[in-house]
Amino acid sequence: MAKLVFGMNQSLDGYVDHMEFAPSPTLFRHFIEEARGQAGSIYGRRMYEIMRYWDDDHPEWDADQRAFATAWRNQPKWVVSRSQKSVGPNARLVEDDLEGAIRKLKAERDGEIEVAGPDLARSLTELGLIDEYRIYLHPVVLGHGKPYFAGARPRLRLMAHDRIAEDVIRLTYGPA
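Sequential numbering from 3 applies to the sequence shown in this note's numbering.
There's no promise every hint is true.
[What the hints assert, rightly or not] Listed below are the simulated DMTMM-like cross-link pairs for lysine to aspartate or glutamate, each with C-alpha atoms no more than 25 Å apart in a straight line:
no.: 1; residue 1: K5; residue 2: E35
no.: 2; residue 1: K87; residue 2: D121
no.: 3; residue 1: K148; residue 2: D133
no.: 4; residue 1: K106; residue 2: E134
no.: 5; residue 1: K108; residue 2: E51
no.: 6; residue 1: K148; residue 2: E51
no.: 7; residue 1: K5; residue 2: D64
no.: 8; residue 1: K5; residue 2: D112
no.: 9; residue 1: K87; residue 2: D66
no.: 10; residue 1: K108; residue 2: D133
no.: 11; residue 1: K108; residue 2: E97
No lab work stands behind these hints, which were simulated from the structure alone.
Generate coordinates for the entire structure from the input sequences, incorporating the hints supplied.
Laid out in structure tokens, this is it:
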């Protein structure tokens with residue numbers, strides 16, 4: 003059975019915003035290894051549109067960016083959307099019965115499946131489907147933006163904490 007993991011970079015004041023702060027080279031290499039090991043990713047429409055950047059090669063990319071793009075392209079993706087009409091390579095659309103589709107996916111797969119995006123994570127949290135939350139805590143204060151927890155805060159228990167990069171701590175939580 004697959005494990006659903008919601009993990010994102012977060013500011014000290016609880017916001018996620020890929021435009022306001024980016025991972026260091028060390029943290030980016032960590033994310034490459036995670037992408038290589040994942041059984042797939044589940045995206046909401048907005049996050050999937052952002053991640054589609056990795057579908058096309060860019061001449062300015064360095065070796066790490068090319069490695070991440072390769073890992074991302076190789077993994078299966080499920081896009082949860084009622085408005086999206088088509089998805090890119092190695093992706094499937096989930097339009098109806100979110101709970102049934104994700105329960106089936108968890109039952110049929112093994113390994114970790116990434117949950118990408120706070121809004122989707124809120125829906126899956128409300129359904130009791132997320133098995134693990136990973137907060138990559140950065141020493142940045144934004145004061146605005148999209149919160150990591152887009153809905154009610156689930157009851158959690160700390161499972162692990164570790165330093166991933168020079169100034170980033172990964173906090174790993176499971177449902178309490």
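Evaluated hints:
no.: 1; hint: K5 <-> E35; verdict: holds, 17 Å
no.: 2; hint: K87 <-> D121; verdict: holds, 19 Å
no.: 3; hint: K148 <-> D133; verdict: holds, 22 Å
no.: 4; hint: K106 <-> E134; verdict: holds, 18 Å
no.: 5; hint: K108 <-> E51; verdict: holds, 23 Å
no.: 6; hint: K148 <-> E51; verdict: holds, 16 Å
no.: 7; hint: K5 <-> D64; verdict: violated, 31 Å
no.: 8; hint: K5 <-> D112; verdict: holds, 7 Å
no.: 9; hint: K87 <-> D66; verdict: violated, 31 Å
no.: 10; hint: K108 <-> D133; verdict: holds, 11 Å
no.: 11; hint: K108 <-> E97; verdict: holds, 17 Å
Violated hints, listed in ascending order, are 7, 9; each of the other numbered hints is respected by the structure.
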